[in-house]
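Student: Chain by chain, the residues run as shown.
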Amino acid sequence: MRDILGHSLNFQYELLLPEIIIAITATLVVGADAFRNELRLGRRILPWLSVIGLVAALVVSLLWIDTQRNFARLITIDNYTTFFRVLFTATAIVVIVGSHEYVERHIGHIGEFYALILLSTVGAIYMAAARDLLTAYVAIEVLSFSLYVAVSLARNDPRSGEAALKYTLLGGVASAMLLYGLSLLYGVAGSTQYTEISGALAAGTGGMTLPLILGLVLIVAGLGFKASAVPFHMYTPDAYEGAPLPITAYISATSKAAVLALFLRWFSGPLLPALPDWQWMVALIAVLTMGLGNLVALQQRNIKRLLAYSSIGQVGYMLMAITTVSVVSASALLLHIGGYLVTNLAVFMAVIAFYNRTGTEEISGFRGLAQTNPYLALVITAGMFSLGGMPLLAGFLTKFILFTAAADGGFLWLATFAVIMSTVSLYYYLQVIKQMYLYQPDGDARRWRLSPTGYLTTAVLLAGTVVLGVYATPLYTLADRATRVLFV
Amino acid sequence: MGMEQVWLLPAIPAGIFVVIALFSRILPRGGDWLAILGLITVTVLGVLVLIDFQGSFTGGHFDAHGNNVFAFDWIRVADDFFAIEFSTFVDAIAVTMIVVVSIVALMVMVYSVGYMHGEARYGWYFALLSFFTAAMLTLVVSGNMILLYLAWEGVGLASYLLIGFYWERRTAAEAAKKAFITTRIGDVGLLIGIILLWRATGSFDIQTIIEAARAGAIGETYLTVSMILLFAGAAGKSAQFPLHVWLPDAMEGPTPVSALIHAATMVVAGVYLVARFSPVYAEVLIARDVVLYIGLLTALMAATMGLVESDIKRVLAYSTVSQLGFMFVALGVGSVTAAMFHLFTHAFFKSLLFLGSGSVIHATEQQTVEQLGGLRRKLPLTATTFTIGSLALAGVPIFAGFFSKDEILLETLKGAPLAAYVALAFTAALTALYTTRLVVLTFFGEPRNRHAHEHAHEAPTSMAGPLVLLAALATVAGFVALDGVGKALGFAGGFGELVFLEEGHHFKLDPAVAFGATAASLVAIALGWAYWSGAAERAARARRWAPELHALLVNRYYLDNLYQAAIDRVVLGLARVVAWFDKRIINETGVDGGAQTIGYFGLRLKFLQTGRIPNYALAMAVGLAAIALLAFGTQ
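Residue numbers (our numbering), protein chains in the order written: chain A, 9 to 496; chain B, 6 to 640.
What the hints contain is simulated information worked out from the structure, not anything from laboratory work.
Note that the Cβ used here is the ideal one computed from N, Cα and C, for glycine as well.
Just so you know, not all the hints are guaranteed correct.
Unchecked claim - Simulated restraints on C-beta separations: (1) A:Thr368 / B:Glu593: 32 to 38 Å; (2) B:Tyr563 / A:Pro482: 55 to 61 Å; (3) B:Val473 / A:Tyr447: 54 to 60 Å; (4) A:Tyr447 / B:Phe77: 41 to 47 Å; (5) B:Phe28 / A:Arg167: 43 to 49 Å.
From just these sequences and the hints, can you work out the full model?
Tutor: Here it is, written out as structure tokens:
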């Protein structure tokens with residue numbers, strides 16, 4: 009089949025099989041939830057159904073390792089896509105397994121909860137896989153809309169609705185910016201296809217410099233919002249705080265990573281020829297993001313807000329890799345994203361387990377956790393130290409390579425600033441660790457245990473944090489293979 | 006199992022360490038059987054590696070550089086952008102070390118079952134021994150400076166933990182600290198040396214560095230400094246002057262630990278390191294002379310101190326320091342063969358002596374020679390094996406030490422000034438003298454402490470077995486140097502071939518040197534016997550004859566006092582200044598001030614977060630406008 013311009017189009021639907029599986033699973037989950045009473049299904053069926061679908065999708069996506077094909081010139085199936093397919097489905101599995109107890113207690117619409125996670129995973133994957141601006145935009149919105157709703161799902165928490173409203177309204181503003189930027193880019197390049205945009209920009213834009221720059225500004229702003237880069241981050245702490253904890257974990261993991269994946273795909277591909285026009289912009293928001301995220305985190309009293317600002321700071325480091333876009337920094341970024349997901353999820357899963365027991369989100373509530381649950385305190389400590397970049401944990405090695413790549417790419421000042429901010433970040437991570445180890449527990453000092461799934465998820469993620477910190481070469485090799493398809 | 010799988014050797018005890026450390030309370034007998042089983046496996050596998058290595062003997066010598074390196078990338082970013090590879094390297098030196106380490110470690114572990122019976126932390130003890138073995142084996146098979154350094158610090162940590170095993174005892178805790186800090190001083194030199202060599206060659210791979218150095222790719226002064234710094238690390242680990250002070254104190258650890266770590270294995274890590282880099286030392290003769298004269302000075306000094314020491318284990322410690330000096334002398338004249346050979350034989354007879362002294366201590370709970378005496382009737386087995394070890398140490402013919410010490414003397418005569426040879430030969434005679442003193446005072450004469458003597462009892466089987474085996478080795482280990490024996494044992498080209506890097510070196514006795522050394526030893530033994538076997542009163546006459554000299558020796562040349570004074574005056578004085586600077590400038594102004602400033606920014610910025618949607622949207626709009634203005638402004 010050919011399109012209107014005569015390009016032959018490839019409609020091999022099996023290339024989309026993983027996402028089709030996930031989407032069908034989502035439908036089944038909603039259906040099963042709706043007819044649960046008629047079908048006499050237990051509540052537990054929903055998370056396990058979701059996990060089965062995700063595992064199937066993960067396995068199927070491995071079929072296309074080392075292939076490079078596209079679907080109708082809209083979606084690319086290459087190693088980069090496969091990397092993020094695996095990463096995002098795995099993240100969704102971890103979040104679902106680690107949070108089913110929380111969901112039963114605190115979520116009003118269980119079916120929707122799982123379905124939205126599944127659908128947003130599809131959106132996240134296509135953000136990494138798109139090879140056309142409009143497809144990418146639709147993918148962004150699939151992810152965003154799912155999350156707008158998911159944020160509002162916390163039953164009995166008035167902050168949830170408020171957070172969802174803020175997120176939706178401001179997200180709409182950001183989408184408008186992004187869409188406007190994309191249309192300017194289309195006007196300059198004459199196409200929405202990445203390859204053709206790249207060609208057009210490389211050939212020179214003639215008198216179109218101003219529209220191009222305005223377009224780039226709008227794109228950076230729009231994507232900056234989605235990645236919660238400063239000054240487009242304002243919604244983040246409120247949304248994180250109001251959202252149900254598993255959704256907060258999910259946003260901080262998949263949503264962040266998906267935006268960075270898209271960022272990298274665009275800025276190492278179609279937008280690479282315009283490097284001089286956008287490089288300083290990204291550097292600027294990277295500096296602001298690192299600085300503000302880490303500084304304000306110092307003042308937080310609520311663990312969710314602390315992690316929100318911490319994740320803003322982390323995005324600053326990742327944007328640094330976009331600034332110095334190169335083969336090295338691209339694979340360093342993917343490695344860092346992988347390490348960050350593992351570490352961050354370890355912390356969040358531990359916090360969820362903690363919340364299930366105590367029902368508090370205050371940092372002071374962690375007092376004496378080392379006595380009441382030393383294992384959980386260990387997981388949080390390892391995760392916090394890893395986020396702060398302590399050696400022998402994932403955060404150190406991935407950050408080290410990321411910063412080295414930035415310094416090597418000519419942005420020594422940016423890397424220096426990142427190191428300083430990394431040091432600052434240790435202060436607030438240590439605040440939490442201090443509460444756990446140096447203080448006596450308030451009130452009930454009995455030992456308690458996690459649920460089996462709580463042990464499972466935290467143990468796997470803890471092991472991942474340690475292993476990546478000691479021996480990251482396997483993941484790096486995968487990241488390297490994934491980014492070989494960029495820059496062409 | 007061959008050279009490719011040599012990583013298994015350290016991996017097995019490492020795994021066992023983890024298991025015992027975690028589960029020693031659940032495991033029957035604290036898991037000692039697991040540690041011993043692991044070591045038996047390692048010994049067997051080590052022999053297989055040796056056999057496989059023998060297979061690479063072609064065309065008259067070993068394939069020392071070819072395909073023996075098996076690497077995996079620990080981290081590799083964008084090809085060579087940033088890469089650290091861990092590799093194992095097996096050559097003759099490594100094979101010798103593997104054999105020594107695994108056999109002695111096995112003997113010591115079996116012995117410990119009896120010696121440490123009923124101790125608190127029994128399982129933890131075996132976990133630590135496994136950890137040490139893992140680190141030591143990593144050290145000797147490492148083909149890469151980073152891995153070598155990690156293992157180097159690993160054995161240091163194991164040594165620290167084992168010296169301080171009885172940490173409830175203040176002296177043990179102090180000794181552990183002293184050992185750790187003193188060796189760390191040398192380690193700083195090693196680390197700087199590694200960095201310098203990396204800077205010059207861009208590589209951490211040992212063979213690459215050696216080849217670059219030999220090809221003249223590194224400036225001579227630069228290389229000299231680097232090699233002296235490496236030797237500083239070696240001198241710390243191998244207790245050479247001026248960093249030898251920790252080893253006698255390290256005797257606070259359990260005696261089997263002294264046998265394993267502070268006699269046979271860890272302390273020879275420095276010898277191993279210099280031997281490993283011997284082709285480079287051959288390029289920079291100044292650095293090699295440093296090795297030679299430090300070794301010589303240490304050998305002589307330690308031997309004289311051993312002469313007046315009264316603690317049985319500390320005499321052996323001085324003897325170890327002195328014998329390590331012998332090995333460095335051999336390296337200093339460029340004879341890796343002699344050094345490795347002495348390392349090989351010394352490991353057996355010195356661990357035998359330590360285990361024997363452990364048996365004495367176990368039986369009498371005394372360890373000063375003034376309290377012992379006449380034990381040969383009570384502890385016949387210990388006395389016999391200890392005497393065999395002593396004969397080996399004294400260099401009496403047919404015992405192992407004779408062959409290797411003779412080799413070192415011969416090489417020194419050939420490769421160093423005559424004065425050095427004379428000094429070393431004199432030291433060898435002194436060795437025989439203090440060894441005789443130790444044996445005579447411990448096992449012969451009349452018991453000086455009746456009570457201890459009466460309660461003495463011979464060691465249990467688990468302790469006796471290793472003593473007998475090691476005594477056998479201390480007797481025959483020297484024979485391997487003889488070509489015929491070496492070849493009969495399956496060493497292609499004999500043992501001399503095995504430990505020499507470049508070309509075959511065939512052992513042969515030089516009659517003059519051998520005869521001279523033997524005569525000196527026998528005279529010293531006779532003198533010692535005549536002097537110490539009689540009444541204690543006669544022995545004390547030496548003190549009156551030269552009280553200053555005696556005081557000098559007893560006080561260990563006042564070096565410990567000197568160091569303590571230096572620490573008290575200079576280091577602590579400097580520390581006070583630094584502490585003031587740290588407290589006022591760094592902490593109160595810098596850190597607290599910085600933290601307050603940063604916290605203040607955080608506090609101010611926090612209030613940007615109003616919670617109101619219009620404000621958020623305004624921030625986005627302002628941000629967008631600002632970036633756009635900047636963009637157009639720069640156009």
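Student: Taking the hints in turn, state whether each one holds.
Tutor: Comparing the hints with the structure gives:
1. A:Thr368 / B:Glu593: 32 to 38 Å: Given range 32 to 38 Å: holds, Cβ gap about 35 Å.
2. B:Tyr563 / A:Pro482: 55 to 61 Å: holds, 57 Å
3. B:Val473 / A:Tyr447: 54 to 60 Å: Check passed, 59 Å falls within 54 to 60 Å.
4. A:Tyr447 / B:Phe77: 41 to 47 Å: Given about 44 Å between the Cβ atoms, the range holds.
5. B:Phe28 / A:Arg167: 43 to 49 Å: holds, 47 Å
Hint check: no violations occur; every hint is consistent with the structure.
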